[in-house]
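> The chain contents come next:
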Amino acid sequence: MKTHTLLTVAVLFLFTVGAHAQYEQVNLTVFGMDCAPCAHAIHVSMKGIKGVNTVDVDLNTGLVTIKLTPGNTASMRQFNEAVEKNGFTHKDANAIVRGQLTGSTNAPVLEVTGTKDRYALAPLASGANISGLLGKMVTIEGTLPQVPKGKVSDTLRYKTITETR
Amino acid sequence: MKFILILTSALALTGTASAVDHGPVFGYATPVNSEREFSFDTGLIGRYGSRGTQLTSASAIGYGLTPHITFNAYLPGTFGSGSLPETRMAGGGEWSMSASWRFLHSVTSVGKRLESTTSLGLVVPGMQNDSGVLANLHRAPGVAATVASGLASRSQYLWFGGGYTRFAEADHDRRPDTLSWSAVYGYRPSRLRRGYDQWDYRGFVELTGEHTGGVRKNGLILSDSSSTTLWLGPSVLAIFKNVAIEGGVQGPLYQDESESIYGCERVRFAINISYFKFSSHTSSH
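Taken in sequence, the protein lines are chains A and B.
Position 126 (the first sequence) corresponds to 126 in the numbering used here; numbering is contiguous.
Position 112 (the second sequence) corresponds to 112 in the numbering used here; numbering is contiguous.
If we strip away everything but chain A, and leave its shape as in the complex, we get (with noise of 0.2 Å):
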């Protein structure tokens, strides 16, 4: 009974720490930073936010990748201060994000668990059908559009979703 009663626990904590897995990584196009001092700055903030594993910054190209730890409860919000903090802005940032889909079928809402976090869906290209998701926990590839500073953008634009198993 006791061991039975520990498995479930485990097995209830495995659900829980996948249904938490929120941001998988996000790549971010930085604008401004022209010397090793602002990516150094950048590196430092990111790796600053509870839940991120690898910050790989590309001075050239402004590019940031952010790749985060599973069962992470990082928000969007604090990659944008993270930018914003050390006197940048950012372009649209590609993420690829775990949640749960919601609203309807001509409305899709993705409620990204753990965070306060809520994306109206929008397709990249032609809609795919989703309505078989919906209520479902999903994995997002897709577009955070560039909004103005100190504000989340409040649209995904997905390239690709898929349901997480």
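Since the hints were derived computationally from the structure, they do not count as laboratory data.
All the pointers check out, no bait thrown in.
Distance condition first, Cα-Cα at most 20 Å in a straight line; then the derived SDA-like pairs of lysine to any residue:
| hint | chain 1 | residue 1 | chain 2 | residue 2 |
| --- | --- | --- | --- | --- |
| 1 | B | LYS112 | A | PHE31 |
| 2 | B | LYS217 | B | ASP171 |
| 3 | B | LYS241 | A | ASP56 |
| 4 | A | LYS47 | B | LYS241 |
| 5 | A | LYS47 | B | SER283 |
| 6 | B | LYS241 | A | ASP58 |
Given chain A's structure and the hints, the job is docking chain B onto it.
Here is chain B on its own, set in the frame of chain A:
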């Protein structure tokens, strides 16, 4: 006690206009600290002339309150007995505290920024006496204001700046007002536009100029005590992540100063080491 209180308050509130860290070593530039970033600078500035040498060991600390506002404190010590004109660009014994505000900031493409920064600060007499014609003056605090505008990019830098310092009068003596200006061009060759985990080098050509007004002693302006000079020279900046080393030298292009008072200033040089402590703090969500 009152002096210490005023100084402590000033240190907590303001900073210098010294253009080190990410920029040129003599001229004015626009970069400021990022939010919650501390910067520490220490260096040596030298002036060599026909009537002696003056060395300034300069230490500065900066703190970024926001991405666009930085407080600085600049605490120099002087050595040597050169009889040289007042300067606000190549050392000197005044302690200064200032606040810098990057009031224009345009970042609309990869690796490029257009920006303008102004600073306002308090200048107070240091612990050491001056040498030469400034040696026996009663000293009083002053105010310093600067403004700089320019472009920073992966390949080129261009900054223009100017500053003005005015001292108060003390017992009918007054240090000369100083008007200074600079133009700086910087270049990073293509093969040095590397990753941030490698040394980052760039070279500058720095043109600086200063005009100092007459020295007031016992209520009278000393004749021929004003000066105007123009300086030109190269400097090199090397940065690895959060450590920077910079050095530069300048020679005179134009000098209008009394040889009987100041002699002939021939060379200015500076070397500076910086350390940046970036903040990893972000909000929880």
